[in-house]
Structures are given as C-alpha cells and as structure tokens.
Amino acid sequence: MIDEGLKNELAKQGVVATSLQELYNWGRSNSVWPLSFGLACCAIEMIAASMSRWDISRFGSEVFRPSPRQADLMIVAGTVTKKMAPQVVRLYNQMPEPKYVIAMGACAISGGPFKQGYNVLKGIDRLLPVDIHIPGCPPRPEALLHALIALQEKIAGEKLTGPNRPRHLRADAPSEFPVPEFGPHDLVPPKNDALWKPIPFVRAG
Amino acid sequence: MNRPTPESFVVRPRVDHEGTELEGDMLEVSMGPQHPSTHGVFRMDVVLDGETVVKLKPVFGYLHRNHEKIAEGTSYLGSMPYTDRLDYFCSLTNNWAYALAVERLAGLQVPERAEYIRVITAELTRLQNHVGLCGFLLQDMGALGTPLMWAFRQREKVLDLFESLTGARMMCNYMRFGGCRCDLPAGWLEQARTVVADFPAFLREFETLLSGNEILMARTQGVGRLSPELAVAGSVTGPMLRASGVDYDVRKVDRYGIYDRFEFRVPLGDHGDVYDRYMIRVLEMHESLAILRQALKGIPGGPVIDPKAKLRGFRPKPGESYGRIEGPKGELGFYLVSDGGPNPYRYRIRPPSFINLTLLEDMCLGRSIADAVIILGSVDIVLGEVDR
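Which chain is which? The protein sequence lines are E and F, in order.
Taking our numbering, the leading residue of the first sequence gets 1, the next gets one more, and so forth.
Taking our numbering, the leading residue of the second sequence gets 1, the next gets one more, and so forth.
Just so you know, not all the hints are guaranteed correct.
Cut-off 25 Å, straight-line C-alpha distance, at most; resulting in silico cross-link-like pairs (DSS-like, lysine-lysine) [what the hints assert, rightly or not]:
1) K7(E) <-> K115(E)
2) K122(E) <-> K252(F)
3) K122(E) <-> K197(E)
4) K7(E) <-> K122(E)
5) K7(E) <-> K159(E)
6) K69(F) <-> K83(E)
7) K297(F) <-> K83(E)
8) K297(F) <-> K252(F)
9) K115(E) <-> K197(E)
10) K69(F) <-> K115(E)
11) K83(E) <-> K122(E)
12) K83(E) <-> K252(F)
13) K83(E) <-> K115(E)
14) K83(E) <-> K191(E)
15) K122(E) <-> K191(E)
Pulled a few chain F residues facing chain E out of the computed Cβ check, cut under 10 Å [said to hold, decoys possible]:
16) R169
17) E263
18) L383
I should point out that these hints are in silico values taken from the structure, not numbers from a laboratory.
A virtual CB, placed ideally from N, CA and C, is assigned to each residue, including glycine.
The whole structure should be built from the sequences, with the hints applied where relevant.
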C-alpha cells in the first residue's frame with residue numbers, strides 16, 4: 001500500500017497514485033444503475049428522487065434500466081405481496097453480478113403497516129440478501145439518496161482479494177436464490193432458511 | 001448453473017391464457033408485472049396477430065394488500081392512514097371519502113372552515129394527480145424524461161404545501177371525522193395562493209408545447225375510443241366518462257361538502273379517445289384552479305373540527321352508509337356497515353381506477369400493442385387502489 005502522505009504529495013504534482021482496487025471500486029460505485037421496478041407507494045418517491053428536484057443523476061444512478069440484465073441495483077420500493085414475491089426473486093436472479101438490493105420503506109423491510117395482511121410478505125430479506133434498509137412510509141427522496149450514498153461507500157470499501165471479498169468474487173457463494181412458489185396458503189417455501197437468520201428474541205428472566 | 005442443451009428446448013403448442021391454440025402468426029405476450037409502462041405491478045396477457053391486439057386479459061392482484069380485511073379489524077380512526085395508501089397519489093381525497101362515509105354513519109357535522117380546507121386540499125390533490133398523469137402518459141408515448149420531469153417539478157410545489165400542512169408529502173392522514181386534524185399553519189394560505197397563481201403559467205407552457213403537438217395528436221387521436229353507451233354500461237366514472245361526453249361529475253350531482261358554493265364548469269369530450277382524456281385532465285386543472293381561487297378568497301375563521309366528535313372510543317350506532325366523492329380518478333366511494341362496535345362490520349371501497357380498467361379490452365381490440373400502452377396510461381390506474 002502506498003503511503004497516504006506520499007500520495008497527497010504526488011497528487012499536488014499532478015501524479016495520481018492509486019491501486020486497481022480503488023480505481024475499480026470508484027468506477028463501480030459511481031455508476032450504479034437501478035432496475036426501474038416500482039411496487040407501490042415508495043416507487044413514486046423513487047421516481048421523485050430521479051426527477052429534477054432531487055436529481056439522482058448527481059450520484060450517477062439516473063439510468064433506470066427496465067431490463068434486469070442491465071441493472072446493478074434492485075430498489076424494492078413497496079409492499080411485496082405473496083403473489084409478487086416469486087417475480088421479485090426471479091428478477092433478482094436475472095440480474096448479473098455484482099448486484100445489490102435496497103429495501104425501501106417499511107413494507108419492504110417487514111411488511112410495514114400491512115404486515116397483518118394474509119397476502120403480504122413480511123420483509124424481502126426473507127428471500128433476498130438486502131444491503132441497505134431505508135425506514136419510512138414512504139421514505140423521503142433524501143432518504144433514498146442517503147441509502148444510495150451508503151451503498152456507494154459500501155462498494156468503495158470492498159476488497160477484491162482475501163477472505164473478506166464480496167459475494168460476486170467468491171465461486172462458492174450463491175448468486176441466484178430459489179424462487180418460491182405461490183402456493184394455496186403461503187409461499188412455498190415461505191422463506192429462504194439459508195439466508196434469513198433472525199437473531200432469536202430471548203425474553204429476560 | 002445449468003447450461004441449456006438442445007434437448008432442453010421443447011417446442012410446445014402455442015396456446016393463449018384460455019387454452020385455445022393460436023394459429024398462424026398469433027402470439028401471446030405477457031406484459032408485466034414488471035414492465036415500465038404498466039404503472040406498477042399490473043399484467044396484461046395480450047394475444048397479438050402481428051402487432052394487432054386480438055385478445056387482452058388484465059391480471060391483477062400483485063399488490064393486494066388486504067386493506068378491506070385489515071380495516072374490519074381496526075378501529076374507525078385506525079383505517080384513516082390505510083386510506084392514504086389506497087391511491088397513493090391522492091391521499092387527501094381518499095381521506096375525505098372515508099371521513100364522509102363515517103360522518104354519514106355517525107351523523108357528525110363539519111365546521112365551515114374545515115369544509116373549505118377539504119375543498120382546497122382536494123383540488124390541490126386533483127392538480128398534482130392530473131399533472132403527474134399527463135407526464136406519465138407522455139412518458140408512455142415515448143417522450144422519455146422531459147415532460148415527466150417538468151410535471152414533477154410542478155407537483156413538488158403542491159407537495160410542499162401538503163408537507164407544511166400535514167407533515168407528510170404523500171401520506172397525509174389529515175382528515176378526521178367531523179373536520180380536519182389541525183388548523184392551517186401561519187402563512188399557508190399565502191403560500192397556497194402563490195402556487196395557485198403560478199400554476200396557469202406552467203399549464204400554458206405545457207399546453208403550448210404538448211396539446212397541439214403533431215406527434216401527440218397522431219399518437220392519441222382516434223385511439224382507444226370508448227362510446228358513451230359502453231362507458232355508462234361499464235360504470236366508468238371520472239375524467240374517462242366525461243371524455244366520452246357524459247356529463248356526470250359527483251361534485252355537481254351530489255354537491256357534497258360545499259361544492260354548491262363554487263362556480264366551475266365540467267369539461268366534456270366529443271370523441272372518447274386518448275386525446276380527449278388527456279385534454280379533459282388539462283381542462284380540469286383549469287377548473288380546479290378556479291375553485292381554488294374562490295375557496296382561498298372565501299375561507300372563514302373558526303374551528304376545524306366538530307367539538308362533539310370523539311376520536312377515542314368512537315362507536316357509531318348500528319347502520320350502514322355510503323360516502324362518495326369525485327376523486328381525481330373518478331367516483332371514489334366507501335361503504336360501511338356498523339354493528340355498533342369499535343370497528344366496522346363491513347368495509348368496502350368502490351375504487352374508480354379498478355372499475356375504469358374493466359373496459360380495457362374493449363378499448364384495445366384492433367389497435368396495435370403500442371396503442372394498448374397509451375390506452376392503459378390514459379385510464380390513469382394506481383395499483384394500490386386497483387388491488388387494494
């Protein structure tokens with residue numbers, strides 16, 4: 001690794017010293033293309049974030065791709081119902097690696113106000129690995145921008161080698177997840193047990 | 001990863017959603033639920049002969065969030081935030097329709113100032129809904145970005161008003177049974193007057209560039225015609241019905257609230273095509289502005305909620321009621337049955353965009369698949385309301 005002081009000194013002289021990892025992550029983190037995929041109310045705030053007032057293109061993410069084959073980021077914006085959940089997982093599977101998921105809003109995190117509904121999935125992290133959660137019902141466009149910045153920081157900090165390298169650089173890690181079926185009573189299986197490991201709640205005493 | 005082998009490609013007989021075998025060049029395309037032009041999670045099973053739509057079957061339920069069932073287990077007031085999420089563009093008109101139904105059930109009176117606030121917020125909602133719709137409709141026609149960005153710039157100004165009044169941009173949760181939650185903040189009326197005064201300039205600009213636009217006219221005129229007879233038979237309401245030339249506006253028919261005090265016209269279309277539906281929305285925005293100007297001038301002082309209205313422990317006497325208003329998408333009604341308990345025995349919504357959508361196949365048959373997209377756009381659906 002190059003010394004920080006020397007790097008700054010060189011930069012003053014017009015010489016940029018960087019590593020391949022930094023360059024690679026810098027490029028990737030500043031051109032995250034989201035999938036244009038709206039589920040419910042939060043999608044309107046997602047659209048608002050891409051419009052003139054909030055202008056998501058300042059962060060390099062204005063290219064909303066309708067095709068999952070061209071997208072890097074899935075913003076799960078809204079309530080995932082049990083009828084829709086298989087399609088959401090299928091869309092995620094169709095996205096190429098490296099791919100990220102933002103769960104936008106209370107419904108995508110936990111089912112939100114509709115959690116008691118018989119047709120509502122109680123959080124998309126039962127089926128997909130979520131990188132960033134945004135609370136709110138719906139979250140403001142600023143919150144989505146904050147989540148995007150947090151995701152960019154996460155991408156910029158990824159190590160390309162070593163044991164902590166991200167999923168898309170590990171051959172053993174799955175990049176596709178089983179698509180549940182819309183069964184007569186619930187999704188079959190209702191959750192991905194390999195993925196969803198909630199911390200058990202232990203009652204005191 | 002499983003690699004496809006030649007054996008994995010099976011030539012199946014091509015059948016449509018009813019199981020009938022498709023002949024010749026016929027092809028069934030499933031548009032949605034993830035499709036940029038379906039306005040949410042809506043699916044159309046379209047049978048195409050070349051590019052022409054031969055059969056169309058709408059498939060709903062991808063956003064069925066059990067609103068009605070949840071409301072039957074919640075207190076009357078507890079359902080108010082859920083109505084926001086019904087048609088998430090127009091939370092304030094949803095609130096009003098629900099509040100109206102409960103007020104009829106419980107026999108509550110609304111103070112005059114609250115009635116004025118309701119009219120002002122409802123017409124502002126209509127403005128931001130219609131302006132958003134025009135942007136989305138043009139996006140569906142292929143004008144990617146610019147008209148929608150322009151529409152949303154104006155919509156944000158209305159949302160700012162909602163935010164300073166209710167604390168939320170979209171999910172306002174503002175109306176209460178017998179009035180409104182809180183009074184207008186200081187300076188709100190001036191802010192609203194500025195927005196209303198600036199709006200015609202935006203509309204003029206929008207109309208100059210779009211309403212007479214040759215491409216827009218070529219794409220929309222004569223497309224998706226709906227005859228007045230069929231529209232009435234299908235119980236279509238709202239701008240869609242008026243675009244077919246039927247003079248029916250719940251604001252004029254029911255005169256709910258204080259709509260009898262304002263002078264406004266009901267624009268009607270001649271042809272019932274997509275262009276008329278677009279123009280009706282533009283003209284309705286002008287009429288909404290006229291109502292807003294009168295309401296902002298005449299708003300009186302006083303309380304904003306009936307002091308007798310109980311928020312907690314609210315139990316209306318047994319009975320049933322139906323409250324309906326002219327929402328931006330059509331007649332929005334709430335039907336409630338009370339058994340005297342703290343929560344409604346039956347809670348039913350008449351969603352305008354769901355019922356307007358039932359005639360989609362009649363409008364699309366014989367048109368090309370690209371026209372089906374803009375016909376769907378001109379119906380103005382919001383899936384939160386269609387699927388509930």
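Any hints from earlier that this structure breaks? Give me their numbers in increasing order, please.
-> Violated: hints 1, 2, 4, 7, 12 and 17.
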